Amino acid sequence: MPKIKSLEELMKIKEETLKNVKMRESGKRGKIIVAMGTCGIAAGAKETLNAIVEALNEFGVEDIKVVQSGCMGLCEVEPTIKVEIEGEIPVTYGHVTPENAKRIVKQHIVAGDLVGDLIVKQGEE
Amino acid sequence: MPLTTNTILICAGGACISSGEESVKNALERKIKEYNLQEAIKIVETGCMGACSIGPLMVIYPEGVYYQKLTPKAAEKIVEEHLLKGRIVEEYLYKGDKGKIVPQPQEEIPFFSRQVKIATRNLGIIDPLNIEEYIARDGYFALYKALKEMKPEEVINTIKESGLRGRGGAGFPTGLKWEFARKAPGDEKYMICNADEGDPGAFMDRSILEGDPHTIIEAMTIAGYAIGANKGYVYVRAEYPIAIERLSEALKQAHEYGFLGENILDSGFSFDIEIRIGAGAFVCGEETALINSIEGKRGQPRVKPPYPAQKGLWGKPTNINNVETLACVPPIIKNGPQWFRQWGTEKSPGTKVFALAGKVKNTGLVEVPMGITLRELIYEIGGGSPTGKKIKAVQTGGPSGGVIPEEYFDTPVDFESLTQLGAIIGSGGMIVLDEDDCMVDVAKFFLEFTVDESCGKCTPCREGTKIMYEILNKITNGEGTEDDIETLEKLGNIIKDSSLCGLGQTAPNPVLSTLRYYKDEYIAHVRDKACPAKKCRNLISYVIDTSKCVGCTACARVCPASCIDGEIKKPHEIDQEACIKCGSCIEVCRFGAISKVSPALD
Numbered sequence: 001m002p003k004i005k006s007l008e009e010l011m012k013i014k015e016e017t018l019k020n021v022k023m024r025e026s027g028k029r030g031k032i033i034v035a036m037g038t039c040g041i042a043a044g045a046k047e048t049l050n051a052i053v054e055a056l057n058e059f060g061v062e063d064i065k066v067v068q069s070g071c072m073g074l075c076e077v078e079p080t081i082k083v084e085i086e087g088e089i090p091v092t093y094g095h096v097t098p099e100n101a102k103r104i105v106k107q108h109i110v111a112g113d114l115v116g117d118l119i120v121k122q123g124e125e
Numbered sequence: 001m002p003l004t005t006n007t008i009l010i011c012a013g014g015a016c017i018s019s020g021e022e023s024v025k026n027a028l029e030r031k032i033k034e035y036n037l038q039e040a041i042k043i044v045e046t047g048c049m050g051a052c053s054i055g056p057l058m059v060i061y062p063e064g065v066y067y068q069k070l071t072p073k074a075a076e077k078i079v080e081e082h083l084l085k086g087r088i089v090e091e092y093l094y095k096g097d098k099g100k101i102v103p104q105p106q107e108e109i110p111f112f113s114r115q116v117k118i119a120t121r122n123l124g125i126i127d128p129l130n131i132e133e134y135i136a137r138d139g140y141f142a143l144y145k146a147l148k149e150m151k152p153e154e155v156i157n158t159i160k161e162s163g164l165r166g167r168g169g170a171g172f173p174t175g176l177k178w179e180f181a182r183k184a185p186g187d188e189k190y191m192i193c194n195a196d197e198g199d200p201g202a203f204m205d206r207s208i209l210e211g212d213p214h215t216i217i218e219a220m221t222i223a224g225y226a227i228g229a230n231k232g233y234v235y236v237r238a239e240y241p242i243a244i245e246r247l248s249e250a251l252k253q254a255h256e257y258g259f260l261g262e263n264i265l266d267s268g269f270s271f272d273i274e275i276r277i278g279a280g281a282f283v284c285g286e287e288t289a290l291i292n293s294i295e296g297k298r299g300q301p302r303v304k305p306p307y308p309a310q311k312g313l314w315g316k317p318t319n320i321n322n323v324e325t326l327a328c329v330p331p332i333i334k335n336g337p338q339w340f341r342q343w344g345t346e347k348s349p350g351t352k353v354f355a356l357a358g359k360v361k362n363t364g365l366v367e368v369p370m371g372i373t374l375r376e377l378i379y380e381i382g383g384g385s386p387t388g389k390k391i392k393a394v395q396t397g398g399p400s401g402g403v404i405p406e407e408y409f410d411t412p413v414d415f416e417s418l419t420q421l422g423a424i425i426g427s428g429g430m431i432v433l434d435e436d437d438c439m440v441d442v443a444k445f446f447l448e449f450t451v452d453e454s455c456g457k458c459t460p461c462r463e464g465t466k467i468m469y470e471i472l473n474k475i476t477n478g479e480g481t482e483d484d485i486e487t488l489e490k491l492g493n494i495i496k497d498s499s500l501c502g503l504g505q506t507a508p509n510p511v512l513s514t515l516r517y518y519k520d521e522y523i524a525h526v527r528d529k530a531c532p533a534k535k536c537r538n539l540i541s542y543v544i545d546t547s548k549c550v551g552c553t554a555c556a557r558v559c560p561a562s563c564i565d566g567e568i569k570k571p572h573e574i575d576q577e578a579c580i581k582c583g584s585c586i587e588v589c590r591f592g593a594i595s596k597v598s599p600a601l602d
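Going line by line, the protein sequences match chains A and B.
Sequential numbering of the first sequence, starting at 1, is according to the numbering used here.
Sequential numbering of the second sequence, starting at 1, is according to the numbering used here.
Honestly, the hints are just simulated from the structure, not real lab data.
Heads up, some of the hints might be wrong.
Restricting the straight-line Cα-Cα distance to at most 30 Å, the calculated cross-link-like pairs of lysine-lysine (DSS-like) are [unchecked claim]:
| # | chain 1 | residue 1 | chain 2 | residue 2 |
| --- | --- | --- | --- | --- |
| 1 | A | K12 | B | K252 |
| 2 | A | K3 | B | K148 |
| 3 | A | K12 | B | K145 |
| 4 | B | K117 | A | K12 |
| 5 | B | K117 | B | K392 |
As the structure is a computational prediction, the values presented were derived from the model and not from experiment.
Using the sequences provided together with the hints, build the complete structure.
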């Protein structure tokens, strides 16, 4: 570790560390809930979860939490995820394979457009 | 880089470690490995989260769910249910006052939401052994600002304007202390951090050192720069092995990153810190005794003046600050004095950490703005009495402090107001007492401590406290006289006026303050040989109410002195001669038939 001499170096460490700890702090724009019941896991929800986190990292999205939940009761369309963004109607997507997950992050989270062909439900139950 | 989906912050403060944090952590790690989740789940051991009564505890992020009173078994279940399947395990959630389940208590429960964390800002949030997490929370930015953008005088002025006062007990203005050391002639000066926390029940300094050691390094370096010292010592007691371990590691990291050593941050200023381990004598918390101890001499106080600022360590100008005081320094430098003044009162700005203990629901560490009332502190944050019994008083400031009766609970807490009531803020210990606590017994407890800890150098403290203790012993045994009470008062005032150091000068406080508010209890002890709280063993008897006793024999079976007699299904009786007054019978009786009476039966 070279010794720190300037404010820029200090800022750099702060920002990089913050990126890493951001996941555990609140104050986010919204969250993606991945249904991780036994059915979801069996249908590949763990891979979906990893794909979501990867995609968020790839697009540099830091203000979205990734949260796990139990089974949403939509076992036939697992893996399912729910996207909740503050001020918007929650959207539940089904059949979220890792590829679909990446598409949802890119289109819904980053660009703000719903992914029509995957929507299972809009609004709360 | 591995993708972290969950981060577990597990409290590794002293209290949680004692209640089994390590075995919980091991169980977590084992289970996580079993499910091959080690890439996705990060475990961070943090400093004390403050809610010690519900430990071991952990928080799982990103959800921010608190789990309490953990066991290895609980940990395994949480991995399987929460981490693997995303189902919150309700049975280990934090439960509020009415048994209501609260997954995210930090936002809803007064114990968490009423706190303002300055000195303890990083406790329970960062990994104390990770310097980069400290930097991420603005660590070492104040050091940069002080060394590169401020003159030493400006640093001192900022601290002076903030109104920061010593948190170790005396409440002396910190900025002024720095100025004295700065202005003292001499080119070799020392900066000492007093981490010899000794008050029974106080553990905020320990928690800060264990949970955020870098803040002390940063603050000491800033103080060193301000007063013109190039060498610092942390004097920490040997009873704090984890604090010593984490501070040593933090010192190593600070060297690597260039926050300690030669030419810090390219500013031309050099500073280094050494740890000195104390052997645990209470008197070594007194600054001149502490200096003697660092020099390798016997830990006894010196006559003041000269003050350490003129002639301290090795005869050189020295500045000594307490851990909690120092922990406030970096945020003040970074945010300015007015920022600090938005909390607290005019004369006591900022916050204070209190160690809540005794007859209160939420025991642990709390940091609150000065000026909060005792009532808010005890009832809202502390949650009031756990048993529903009436809270009688609060003891503040440990062996140097006194009691404050319930009538005064609306007093705002600051340095002056508590002193006026005959107590002190001291280091921040707060022991809540209820109707079962005998005030004479409380005074005796603290006197016993000071008798033990008196260093013996000056006569008033060495002999005086011992005589006071003997009188208290006499009174609690029912052998005291009214003259004894008068002697206590007189002797107490003499010891206060004539002792050499703070230990002796404050030692009579627990007695004098209980005499001030609870003289009637003392008089009951000597005149009626009665203990109103039914606590003093020699002044009480246990009796069985024959109308309530059903003869279940539970008490007779548990009595270690075999002094309870009676036939099955017929009322029992206690042989008063043989009774050792252990109280075991009262605990097992399910019919409320046994009670204590005072004075004792013949």
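*Identify every previously stated hint that the structure contradicts and give their numbers, smallest first.*
none
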